[in-house]
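Residue numbers (our numbering), protein chains in the order written: chain A, 1 to 327; chain B, 1 to 293.
Treat the hints as calculated values from the structure; they're not laboratory data. Honestly, I wouldn't trust all of these hints.
What the hints assert, rightly or not - For lysine to any residue, the following SDA-like pairs were computed, each having C-alpha atoms within a straight-line distance of at most 20 angstroms: (1) A:316 <-> B:31; (2) B:31 <-> B:114; (3) A:289 <-> B:105; (4) A:142 <-> A:85; (5) A:106 <-> A:190; (6) A:106 <-> A:51; (7) B:288 <-> A:285; (8) A:261 <-> A:272; (9) A:324 <-> B:288; (10) A:282 <-> B:283; (11) B:211 <-> A:121; (12) A:282 <-> B:211; (13) A:310 <-> B:114; (14) A:316 <-> B:105; (15) A:142 <-> B:98; (16) A:292 <-> B:33; (17) A:80 <-> A:51; (18) A:195 <-> A:114.
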Amino acid sequence: MSSNKKTITIKAFRFNAETDYLPYYKKYEMEVGKDELILDLLNRIKWEHDGSFSYRRSCRHGICGACGIKVNGKAVLSCKQNAMELVEMFGDELVFEPQSQKRAVKDMIIDKGDFWEKHAAVKPYLEADVDPHPTTENIMSKAQVANLLDADYCIQCGSCHYACPVIEINEDYLGPAAFAAAYRFTADGRDNAGKERLEITAELGSGVWDCVKCFECAEACPKDVNPIQKITRLHNMQFEQGVAERNVATKHAEGFVRSIKKFGYLDEQDIVLYSEGLGVVKHLSEALKMIKAGKVHPFDFAKKKMPKSKNLDEIKKLIEISQKNEL
Amino acid sequence: MSQLKYALYTGCTARESTPELLSSTMAVANKLGIELVLLDEASCCGASHLQDFDDFLALVLNARNICYAEKLGLDMVTICNTCQLNSAMTKERLDSDPELKAKVNEKLAEVGLEYKGTSRVRHFQYVLIEDYGLDKIKENVQVPLSHFNIAPFYGCHNIRPSELHHEVNGGENPYVPTSLDNLIEALEGNSVDYESKNKCCGFHVDLQAPKTSNALSGTALLDAIDNNADLMVTPCPLCQLNMDLKQDSAGKQLGRDIELPVLHLPQMIALALGCTAEEIGLKYNVTKATDLM
């Protein structure tokens with residue numbers, strides 16, 4: 001029978017931006033009970049081992065979004081996450097780290113300025129003509145609320161934002177939390193700024209087209225907001241509302257229809273040519289490598305022949321009667 | 001045990017730029033006595049890009065693919081993580097939303113098809129592990145891979161979102177996946193433990209954000225190399241293409257030389273089962289891999 005208590009080692013990231021040149025890790029051994037939360041362990045490091053250990057916490061009810069950290073690389077909300085569950089997942093050594101090491105200020109505390117700046121950039125509020133002296137309540141229908149797809153559950157904890165690999169690489173990228181907020185207000189029937197938000201999130205380099213589709217955000221969210229689902233919705237809404245401009249990313253998405261109509265399969269060479277236009281020259285060295293390995297045969301018409309799905313007529317017909325969007 | 005039989009959804013790459021994926025898959029199935037019926041009627045899954053353009057159209061086309069597996073009364077087996085994601089996500093959305101299912105079936109009825117939800121959608125990797133079994137795979141090893149350090153690269157769309165995949169991937173934990181490591185060990189290879197094994201390769205933004213794509217693929221490849229990998233293996237042909245083909249550009253961006261053979265999962269298994277060079281198709285790998293035989 002498994003015991004209700006277990007002795008574990010916590011390896012905690014320690015850093016004070018004011019005094020330390022480099023971060024370091026410090027180990028704390030403690031007995032953990034089956035009902036203890038990660039927040040309890042953070043408190044015990046501070047109360048029982050080192051009063052200078054620093055972390056953010058406030059509500060203790062999973063709603064203020066202050067206590068997000070990473071444990072063995074997994075984003076957690078400390079006050080919601082059972083500790084033993086993570087011991088079962090990762091073993092007897094738990095590694096506590098801030099959400100972003102490069103933004104660390106003191107121990108678990110980070111400078112979340114980039115998060116708030118990007119969140120604010122998508123106009124995360126209703127822009128509506130509000131009657132200052134209403135005589136009745138402005139009630140949303142059940143269908144309108146359902147259409148928010150729980151995006152309104154976001155508590156801005158930053159779990160998804162700092163779990164996103166693109167945030168680490170591209171400092172312009174707005175990130176999954178900002179996109180979920182953009183969707184939340186754009187999908188709101190009372191709002192008037194949808195088009196503006198769609199334009200903001202359609203920008204190449206900072207918008208939704210730079211999402212790598214890794215689903216780290218969906219996995220990281222402690223409130224099941226599923227940010228990538230909202231990212232897909234924003235993509236679709238750009239086409240539905242005529243905001244999408246023709247560029248390499250939108251042509252890449254739309255170009256699939258062109259191939260599937262002809263072959264059922266994706267024409268891998270055509271999609272690159274079609275999406276890139278003249279920009280295709282930058283793929284030359286890779287194209288040559290593929291030719292050399294015998295993967296593609298642009299000059300051998302017999303071998304170049306595209307495979308075709310059986311019953312291609314069905315596919316064509318289904319595209320004809322199901323396609324809703326245009327570029 | 002009655003013979004294992006599945007409907008194979010090849011996806012596009014296996015029929016085009018990665019013929020070695022299809023030939024090695026068929027060779028492995030043949031060696032192990034697994035019957036794979038090719039779903040020649042199937043179309044592209046949309047690769048998560050068609051979904052961005054027209055989500056409903058992508059649902060209809062993916063549902064049609066699954067219909068053909070249902071007609072055969074077989075589970076659908078995929079050999080690409082992104083095909084797996086889009087097929088499984090279609091299934092999950094239709095099975096959990098009768099209204100949406102009715103809307104999709106209204107379209108399918110026009111071509112005489114109906115999506116019922118009777119076939120499961122599973123990746124070949126997990127079929128081998130769960131249905132065939134690692135012990136039996138081990139019994140079939142003719143060329144042990146004991147002299148190779150092999151870095152498993154899991155690929156996002158087999159492990160995330162975990163809720164979607166759990167029923168068909170043995171409950172793989174996306175933060176500590178183990179199945180590929182176990183498979184490598186069953187072939188007597190040495191699995192390499194490295195941080196990037198469950199990370200993203202960046203394939204999906206390669207056209208519009210090559211810098212992001214190169215940073216992700218390059219980091220993972222270097223992580224594997226720094227942990228003494230002789231080769232990398234992945235169940236996803238999109239990961240494979242990105243990691244195999246882009247080593248020069250990723251290395252240039254990150255300021256280091258990168259050279260690491262990247263194999264499709266069935267290629268690695270086929271090596272250990274003693275399949276022929278033609279079947280394994282190492283000549284199609286861009287980063288030289290023919291020396292592995």
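Checked hints:
1. A:316 <-> B:31: Outside the cut-off at roughly 37 angstroms; violated.
2. B:31 <-> B:114: violated (35 angstroms)
3. A:289 <-> B:105: violated (44 angstroms)
4. A:142 <-> A:85: violated (36 angstroms)
5. A:106 <-> A:190: Given pair residue 106 of chain A, residue 190 of chain A is violated - Cα atoms ~42 angstroms apart, limit 20 angstroms.
6. A:106 <-> A:51: Cα-Cα ~13 angstroms, so holds.
7. B:288 <-> A:285: Satisfied, since the Cα-Cα distance of roughly 16 angstroms is no more than 20 angstroms.
8. A:261 <-> A:272: holds (17 angstroms)
9. A:324 <-> B:288: With a Cα-Cα distance of about 45 angstroms, the restraint between residue 324 of chain A and residue 288 of chain B is violated, given a limit of 20 angstroms.
10. A:282 <-> B:283: It is violated: about 25 angstroms lies between the C-alpha atoms, which goes past 20 angstroms.
11. B:211 <-> A:121: Since the Cα atoms of residue 211 of chain B and residue 121 of chain A sit roughly 23 angstroms apart, the hinted pair is violated (cutoff 20 angstroms).
12. A:282 <-> B:211: Distance of about 13 angstroms is within 20 angstroms: holds.
13. A:310 <-> B:114: holds (17 angstroms)
14. A:316 <-> B:105: Given that 20 angstroms is the threshold and the Cα spacing comes to 16 angstroms, the pair holds.
15. A:142 <-> B:98: Holds. Residue 142 of chain A to residue 98 of chain B sits at ~18 angstroms (cutoff 20 angstroms).
16. A:292 <-> B:33: Answer violated: residue 292 of chain A to residue 33 of chain B is near 34 angstroms, above 20 angstroms.
17. A:80 <-> A:51: Since the Cα atoms of residue 80 of chain A and residue 51 of chain A sit roughly 23 angstroms apart, the hinted pair is violated (cutoff 20 angstroms).
18. A:195 <-> A:114: violated (24 angstroms)
Hint check: violations occur at hints 1, 2, 3, 4, 5, 9, 10, 11, 16, 17 and 18; the rest are consistent with the structure.
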